[in-house]
Amino acid sequence: MVNAVVSRGTGMTESAEDRAQWRGRLLRAGRDLFAAYGYAHTTVEQLCAEARVPIRAFHQQFTSREALLIALYDEVATSGLRASEEAMLSDDMEECATEERFRRLFAAYVRGVTADRRAARVAFVETLGVSRTVDDHLAMWRTMWSEFLTCEAERAAERGEVGDGDQRVAVTVMTHSVEELLAHHARRPRQVTPDWLTEELTRLSLTMLGSP
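Each residue of the sequence shown is one higher than the last, beginning at 1 in full-length UniProt numbering.
Treat each hint with caution, since some may be false.
Unchecked claim - Label-pair distances were calculated between CB atoms; the ranges are:
no. : residue 1 : residue 2 : range
1   : ALA67     : HIS176    : 42 to 52 Å
2   : ARG56     : THR193    : 18 to 28 Å
3   : ALA97     : ALA20     : 46 to 56 Å
4   : ASP91     : ALA139    : 29 to 39 Å
5   : ASP92     : ALA115    : 21 to 31 Å
6   : ARG52     : CYS151    : 38 to 48 Å
7   : GLU154    : ARG56     : 23 to 33 Å
Bear in mind the hints are in silico, worked out from the structure with no lab data behind them.
Just so we're clear, the structure is a prediction, and the values are computed from it rather than from any experiment.
Even for Gly, the Cβ is constructed at its ideal location relative to N, Cα and C.
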C-alpha cells in the first residue's frame, strides 16, 4: 500500500516518495522562477506552488530563500569546477602552452556553467547584491578560484610564458572579469556565445598576466 497523506493547505496527496523529492522540486522551481521573474520578485508561496509542495516542505529543506539561491549557485559553480578539473586531467594537458591551457580550462568551465541558461542567469545575475550572506558565499568561491588560477599563473611564469612577479593582483582582477562576462552572457545568451566567452576570457587572462 502506498504511504500517502493529504497535505493541509494544498489539498494535494503526498506520498513518502513525494516528500523525498521535495528538495529537487524546489530547486527546479527556484531555477525557473528566479530566472523568469527575478529572485526579489519570487515568494516562498510561489515557489511551493510551482514545485507542488506544501509550504512546510520549503522550511524543512531550506532555512530561507537565500539558502535556496545559494544552493542553486553551488550547483552551477560545482558543474564548472568539475568540468575544469576534468580538462586539467586530460592526457596531453601538461604539454600544452599556457595559451592553450587557459583556452581549454575556460572552455570546459564555460560549458559547465552555461549548459542551462536559467541556472546561469540565477547564478550570475540573480545573486548580485542580494545580501551580505550571499556576497560572502560568492567570495568564498571566488577565493578558491583565485588560488587555483594563481597556481596556473605561477606555472606559466616559471615557463617564461607570462610576466614575472606576484600574479595575485592580476588573478584577482581576472576572477572578477570572469564573473562580469558570465553575467553579461546570462543577460544576453543569444548575443554572447560560449565560444566567444572562452576566447575573450583567454585573451583577457593572458593580457592581465603579461603574456608577451
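Verification of the supplied hints:
Here the CB-CB span from ALA67 to HIS176 is close to 25 Å, at odds with the stated 42 to 52 Å. For ARG56 and THR193, the Cβ-Cβ distance of about 43 Å falls outside the hinted range of 18 to 28 Å, so the restraint is violated. In this structure the hint that ALA97 and ALA20 lie 46 to 56 Å apart at CB holds, the actual value being about 49 Å. At roughly 35 Å, the beta carbons of ASP91 and ALA139 sit within the given window of 29 to 39 Å.
Restraint check, ASP92 to ALA115: a C-beta distance of roughly 24 Å satisfies the suggested window 21 to 31 Å. The hinted range of 38 to 48 Å is satisfied by ARG52 and CYS151, whose Cβ atoms lie roughly 46 Å apart. The supplied range of 23 to 33 Å is broken by GLU154 and ARG56, whose beta-carbon atoms lie about 51 Å from each other.
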